[in-house]
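Undergrad: Sequence:
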Amino acid sequence: DSCSLNNPWATSGFIDLANLSRAIERHGKSKNHIDCAVKLKLFGRVRIDEALDLARTISTKKHNEQVKKNRDILRKLIIAALYLARQEQAFRGHNEAAGSSNRGNFVELVRAFAEFDTALAEHLVFS
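Sequential numbering from 1 applies to the sequence shown in the UniProt record's numbering.
In short, the hints are calculated from the structure, not lab data.
Accuracy of the hints is not assured; some may be wrong.
Here are the simulated BS3-like cross-link-like pairs (lysine-lysine), alpha carbons at most 30 angstroms apart as the crow flies [what the hints assert, rightly or not]:
id	residue 1	residue 2
1	61	76
2	39	29
3	29	41
4	62	76
5	41	31
The task is simple: from the sequences and hints, build the whole structure.
TA: As structure tokens, this is what we get:
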């Protein structure tokens, strides 16, 4: 690392005091000094690319969890549909309004599944 203690300013010091101001000015303009000053300013700060990567990772994780949850619900809906199809039962009822006591075989079967499955019950409430 160019900002290490191998630099003569850090190890042996400066002896020629008559030319000290000129040496300080020359050192202040040197690439090594500028690089070290930038590193010092950025020291301890979160890098933008790392913060974005972390945010992207969290977003992807949440998305994947939601996809898994949706697939599980869809699987249960497909099972209900396959059951009714195998039994050659009608899917819909005559009155599928929210207040109806019998909303059709599919809706009633899914509501029965929801009695035992909280994820499906939540899906039915919030969608």
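Undergrad: Which of the listed hints are broken here?
TA: No hint contradicted; all consistent.
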